[in-house]
Structure formats: structure tokens, C-alpha cells
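Undergrad: Sequence:
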Amino acid sequence: MGLLRGNHWHYFDRNQVKQLHMSEPYPAPTSLLLVDDEQDLLDLMQIGLTAKGYKVAVSTNGDDLLDIVARTAPDAILLDLQMDGVDGSTVCHLLRHNTSTSKIPIVILSGNADIESVAHECGAHSFLQKPFSATKVDAELKRVLLMVP
1 MGLLRGNHWH YFDRNQVKQL HMSEPYPAPT SLLLVDDEQD LLDLMQIGLT
51 AKGYKVAVST NGDDLLDIVA RTAPDAILLD LQMDGVDGST VCHLLRHNTS
101 TSKIPIVILS GNADIESVAH ECGAHSFLQK PFSATKVDAE LKRVLLMVP
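The sequence shown maps to residues 1 to 149 in our numbering.
Just so you know, these hints were derived from the structure itself, not from any lab. A hint or two may mislead.
[Unchecked claim] Here are the simulated lysine-lysine pairs, DSBU-like style, with alpha carbons at most 30 Å apart: (1) K55 x K142; (2) K136 x K52; (3) K130 x K103; (4) K55 x K103; (5) K55 x K130; (6) K103 x K52; (7) K136 x K55; (8) K130 x K52; (9) K142 x K130; (10) K52 x K142; (11) K142 x K103; (12) K136 x K103.
Produce the complete structure using the sequences and hints provided.
TA: The structure is reproduced here in C-alpha cells:
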């Protein structure tokens, strides 16, 4: 039986595989925070991304986002621009200027044609124009997470 580690294959007999399985934990799933005021979209994204192996928390507004981020410690945030209460651009600025959240990758979500400039202005790592698929979100998250040390 073989296992690819880095660029090298390592071969094991059955006893070694059992020992390897018992001694090395599986990597933890990437945790995400989805923030969008469209509940149907949140539900679909949560189902799709959970099926792809992500651990997903959701919020429908930006008002309590800093508390949620502190509680859930997400690896990345998917943030809608246009929401009731505090909008996504303001939330993005707040996250970027907070020392405990400034390094978390943020992907801005919007149907707005101006999305690229707004994402750049607020310090987001990336953006996705609505509509999009879970596969596209997954690919973008993987790309963004590779950019972050």
C-alpha cells in the first residue's frame, strides 16, 4: 500500500498502515463563515460546501459578525456586499482593521457589476460575481487559501 507525501511515495505493509492510521490525525476541515442576507442562498451554499468537506457557519447580517468570527475562528469568510444593517464593504473594512481578524481571507460575493473595485477597496482577497456554483466557490476558496501563509 502506498501513500503520497509531498512528492514521494511511501510504501507500508498492513501493520504499518494500521499504526499510521492510529497515530496521525486527519487534517481538520477548512472552516468557513458565510454571510449573506438571502437565506435560500445561504442554505444552498451551506449544503454544497459541507458536501465538499468544509465546516460551515452562517450569518444573515453583518451586525454581529465580529462576535461570530471571534467565536468560530473561520479559515475564510464569504461575505455578501449588500445586506440589511451593516453592509459587506463596511464589515470587510472592520475585519481588515482588527488585529485578530486582519489575516483571514475574505471573498466578496455580489451581483453588483462594481464588485471588483469594491473588493479591492475594502481589502478582500477575492470576489465572486453572483450567480455562482458551489464548485466555483470551492475552487476560489482553494486558490485564496493557498495565497495566505
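Undergrad: Hint by hint, work out which the structure violates, then give me just those numbers in ascending order.
TA: none
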